[in-house]
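Enquirer: Use these hints to put chains B, C, D and E with the ligands onto chain A, whose structure you have.
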Amino acid sequence: AQDKVRLLLDWFVNPDHAALVVAKQRGVFAKHGLDVELIAPADPNAPPKLVAAGQADYAVSYQPTLQMLVAEGLPLVRVGVLVAQPLNSLVALEDGPVKTLADFKGRKIGYSIAGFDEALLGAMLESAGLTLKDVTLINVNFALTTALMSKQVDGVIGAFRNFELNDLELNKAKGRIWLVEKNGVPTYDELILVAKRETIDVARTRKLLAAIAESTAWLKANPAEAWGIFSKSGKELDSDLNKLAWKDTLPLLADNPTALDRARYETFAAFLVKRGLIKQAPAPDTYLRDMK
Amino acid sequence: MTFVVASPSLSVRGARIAFGDRVVTADLTLEFPGGRTTCLLGRSGVGKTSLLRWLAGLLPGTERAQPIAYMAQRDLLLPWLDLLDNVLLGYRLRGDALARRAAEPRARRLLAEVGLGQRLGDRPEMLSAGMRQRAALARTLCEDRPVVLMDEPFAHLDAVTRLELQDLAARLLDGRTVILVTHDPLEALRIGHQLRVLSGAPFSVGPAIEPPGPVPRDPADPALLGLQGRLIAELRSTPGSTP
Amino acid sequence: MTFVVASPSLSVRGARIAFGDRVVTADLTLEFPGGRTTCLLGRSGVGKTSLLRWLAGLLPGTERAQPIAYMAQRDLLLPWLDLLDNVLLGYRLRGDALARRAAEPRARRLLAEVGLGQRLGDRPEMLSAGMRQRAALARTLCEDRPVVLMDEPFAHLDAVTRLELQDLAARLLDGRTVILVTHDPLEALRIGHQLRVLSGAPFSVGPAIEPPGPVPRDPADPALLGLQGRLIAELRSTPGSTP
Amino acid sequence: MRPLITAIGLLLAWEALAWATGVPVYILPPPSRVAVVLVERFDLLMEQGVWTAAEMMLGLALGLILGATLAVVFAASAGWRRWALPLVIVSQAIPVIAIAPLLVLWLGYGMASKVAMAALVIFFPVVSTLYDGLRRTDPGWLDLAQTMDARPHAVLLQIRLPAALPAFASGARIAAAVAPIGAVIGEWVGASAGLGYLMTQSLARGQTPLAFAALFLLCLLGLALYHATDRVARRLVPWQSSQGE
Amino acid sequence: MRPLITAIGLLLAWEALAWATGVPVYILPPPSRVAVVLVERFDLLMEQGVWTAAEMMLGLALGLILGATLAVVFAASAGWRRWALPLVIVSQAIPVIAIAPLLVLWLGYGMASKVAMAALVIFFPVVSTLYDGLRRTDPGWLDLAQTMDARPHAVLLQIRLPAALPAFASGARIAAAVAPIGAVIGEWVGASAGLGYLMTQSLARGQTPLAFAALFLLCLLGLALYHATDRVARRLVPWQSSQGE
Ligand SMILES: Nc1ncnc2c1ncn2[C@@H]1O[C@H](COP(=O)(O)OP(=O)(O)OP(=O)(O)O)[C@@H](O)[C@H]1O
Ligand SMILES: Nc1ncnc2c1ncn2[C@@H]1O[C@H](COP(=O)(O)OP(=O)(O)OP(=O)(O)O)[C@@H](O)[C@H]1O
Ligand SMILES: [Mg+2]
Ligand SMILES: [Mg+2]
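Line order of the protein sequences matches chains A, B, C, D and E.
If you count by our numbering, then the first sequence holds residues 306 to 597, one letter each, in order.
If you count by our numbering, then the second sequence holds residues 2 to 244, one letter each, in order.
If you count by our numbering, then the third sequence holds residues 2 to 244, one letter each, in order.
If you count by our numbering, then the fourth sequence holds residues 2 to 246, one letter each, in order.
If you count by our numbering, then the fifth sequence holds residues 2 to 246, one letter each, in order.
Just so you know, the hints here were simulated from the structure itself, not pulled from any lab data.
Mixed in with the good hints there might be a few duds.
To be verified - Not close to chain D: a few residues of chain A, all C-beta gaps over 12 Å, as computed: (1) G332; (2) K438; (3) N527; (4) D560; (5) T572; (6) Q585.
As the list claims (entries may be wrong) - Which residues of chain E face chain D? A few of them, derived with a C-beta cut under 7 Å, are: (7) G10; (8) L29; (9) I90; (10) L106; (11) P181; (12) I182; (13) L224.
The beta-carbon is built from N, C-alpha and C at its ideal position, and this holds for glycine as well.
Extracted from the complex, chain A is given alone in its bound form (with noise of 0.2 Å):
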């Protein structure tokens, strides 16, 4: 019999969850025992609170989130990575009036809900000579590009390398990107699966990870026919802006889901503290499990 796992995506379905969809279309899932049922939520933050409440078996999520959930003690893990590097970034206008880092003082900035973006874009002020109070933040929500293009803001932080600047081009407008992780932030892992604590099955998640390899090797090796899966997984998905951005998240899926660097965790955990976004660094073990 299969064994029946419920994973929680971070957000609507795009390339980044390419390596899970096409997993579960191409039958990756049920050859290694699992019958995966992937659910998109619309709010990001809700995912690993449904694991900890123990709603779902799994769920995608962002390392600094996790880091900050378990400071105020959710019984969170993290057991794999799906992609092992930073997305965020700060994006301004190429003809725009921002040319490096220190043009942004007394600029307006937009940043999305993810709850973190503050804590990094003020990390990336501060390697510029510049600190938060020298900018407007503005939560613009979800619509970065829109404030962006529209002039609204002077720069948006929480664009994903993969995306804005795919859809900044759709929308024929040029972007001009600083990396989070070049200007001042310690590297992180942008995508990882977390579990419940207590209620970890290890056997399985190595099932669950294996099949996710096994899959991103499928996809960088067949990026068209890749595409073609996914697009009609569904009808929303066969957009201009996934076709764009499917040729720049493919290299950025990680390898070996099992991977983990607890220095990088460690590294991440005192920035939070420094940015008082947790008061003290959870000790690793309570949340990293290593899989391998």
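Expert: Then chains B, C, D and E with the ligands, alone, in the frame of chain A:
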């Protein structure tokens, strides 16, 4: 119609009716004999309706001891029910399906007797004012209660219909305790076993006037005409509200 | 009061009034003389109100040619206005502040004349039914129009007040074209220059009855009593709605 | 006929707005652009539209039932009213983002949690107007009922409730008008499908014309539901003539 | 007094719910936890609460004025009604996410866009109930006005409007109850302050108790505004006795 076991007398002891500062009556003591029809007369605004509502237990702080049927100055027909259902409203509201079914033939007969036999299925808004008043009368009579309070029940009826319905009411209400407010002295003389005139502010109630003979009386009777003069004089004697 | 230039006569030519299948009157032709009071009588439900509404241009497809004052069977006082403002409603609605200010003393006088001089500031819900009817009468008289239509204007008044207000109306409406529906034959004989009886379904209008002498007449006049008998007979002759 | 003219009028107004204000396409695409998307992505839009329509109608049905029941309970019992009315008012202040995890916890990821959320938005106008209506019964009728020794629940159901039907109709109209947004809010809870989902996603991904095609469908659904409700509501009170139209 | 008892009752109900269902703290924190945060972060909460309260009240005021004006216009003119009523209905179906960029474009990121959004949510119940009320005037009064040769606008303002005040009160009550969520939705439009903003932020950071402290404040604001509106609404129709309480 139905055999009425006992129609109680109604007594008022030291009653006080007031709306804010306006004292309608103070320390009123009064007895309405059981099984008889008492007609209340009085100038407009003297307090007849208030007294009737007091007796019906409808004023704040009042209660009533026995079942009554009450016909207000407005018809109070429910616009979403047809006439038959309006007449049977009491049975509906008491939730006694058996009694309601049993009362239905009487309701039909009553509606026919007040001249609305052809309009059983009409909604109230399709009727003239007098028709609505007749339907309200049928509803009151259909209630079949030992005590019946009626506030100007014939005010919107033409002279002929009025006489007919006075007869009908007198016949159907025979043996019950009826208190009927009217502005028509002749009407009071025709169907009242006793008449009482309210006067003054706060009002007091004059002595009972008891015309001779059984009800309904012949309005052409000269004795009645004499009493009518006396009544009008009594009404006129009080300042009333017209200066 | 005010000098009335001319009170037009009203004529009805081939009028038809119907509600769905129910034809109230068909091909009605009728003339109401100008400057005089015509009283309409008829059994309940015959169509008096409908005719009045037709004349007032209130039925679908009808229009009226001249200014009128209309007093409906209900008092139609506005609950959020006090009595004085209710009486002056017409001026308010015509938006003529000047005329309204000019009419205010008359409104006060009229309210005093109908016995509500002490209640100018009361809201309608604080009044008895008869008081409300008197306020509606005052509002109608205050309108000061050449044509006045009144539907049972005295139905809720006691005998004495009724006589007083009949006198008042007769005095104030002298010289105007008045059409007044009433159920009281004596009332009609007292204040009507001419009387017309509606009968039948669809109704037709009987010949004009013109009691002798100027209005208001003395109700004790034996000639009137004779006419009253004739009127009641005429009413009774029609099947009416009571079987 | 009339709805068609209105729809065309609205489209013209929209086109005019888009032109007159010179709003960029990625903020307010003109209907001509949206029409193209509407045709090209018809399948997708229909698929999501059916979801939303189902949520709307279930939410409205549930909201009407829940609202009417609560209003009647409040009118019948001062005790219930004292405790539950503030809860009902407070329920209107809770943003979906705070309550979504709870709903998923209790009702799962299926349609139930979405419909519950939609009903939460929709039921309030019904409770509020109907309860107001139930409080405003002509006192004459209540007096009459009292003299008839009416049972309290009969007074409520046979007099106060029919007399309050115009108020209920008023509430039902509001409920129908907010049903689309109720459904969209409901789509924030749990798994994703429906026009609201499509809209959020396409707006976040710069596909504004697709988002507005979804919005257009949503508005059509809303208008249709409103008019259907209005029709039924008018039938509810045949004894009352209304002056408007 | 009464509001206090109610508040305590609600808190007890909430604590009981949290205990009985065993919901985790990070989904529904018990009031005891929230109370601690309420005290600890009092300054922050007050600061954001003032913002939201301002948005609520401005939104309500604007919504009431806009709603009443539109209802009167609709009652006065069939032409306006035919074209604008569908627009008004459609306006209720538009999710904030679709309209936020437009509002920002036109009104900027200041308070104006938030208040406009809040008013958009709030005004509808007022238009709807008041317009319904204006349609239901006693025909007897309208007949009387006609025989008096009344000016149309005088009939509207002097008869139909006062007669519709109970309906307006009904709508105002709903408007007051949805004002908090209106303000929170408004904060979705490019916010950087307010209880809704605080809630979103703290939920994203796993600080559920802080989010619920904000929610608690929001509910208190909502109840206060509702009761204030209810009071004024009752004064509006002194000639009408209501049976409830
Ligand atoms: N809105 C209506 N719909 C249907 N039928 C109506 C309507 N109004 C009146 N009728 C019918 O028209 C007839 C005449 O009614 P009308 O009110 O004119 O009588 P009336 O002579 O004034 O009676 P009353 O003396 O009782 O006031 C009645 O049979 C009544 O049922
Ligand atoms: N709800 C009320 N509020 C204030 N005063 C009232 C109220 N109801 C009645 N009154 C006053 O009480 C007095 C008596 O009124 P009531 O209705 O009993 O008179 P009535 O004798 O029935 O008059 P009518 O013959 O005109 O019906 C009047 O002065 C009236 O103004
Ligand atoms: Mg009375
Ligand atoms: Mg009539």
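Enquirer: Now look at each hint and say whether the structure bears it out.
Expert: For each hint, the structure was consulted:
1. G332: Since the minimum Cβ distance to chain D is about 22 Å, A:G332 lies beyond 12 Å and the statement holds.
2. K438: 28 Å, holds
3. N527: 25 Å, holds
4. D560: With a cut-off of 12 Å, A:D560 remains clear of chain D, as the shortest Cβ separation is near 27 Å.
5. T572: 30 Å, holds
6. Q585: 25 Å, holds
7. G10: It holds, given that the least Cβ distance between E:G10 and chain D is near 6 Å, below 7 Å.
8. L29: At about 6 Å, which falls below the 7 Å cut-off, the nearest Cβ of chain D leaves the hint on E:L29 intact, so it holds.
9. I90: 5 Å, holds
10. L106: Result: holds, 6 Å to nearest chain D Cβ.
11. P181: 4 Å, holds
12. I182: Result: holds, 6 Å to nearest chain D Cβ.
13. L224: 6 Å, holds
Hint check: no violations occur; every hint is consistent with the structure.
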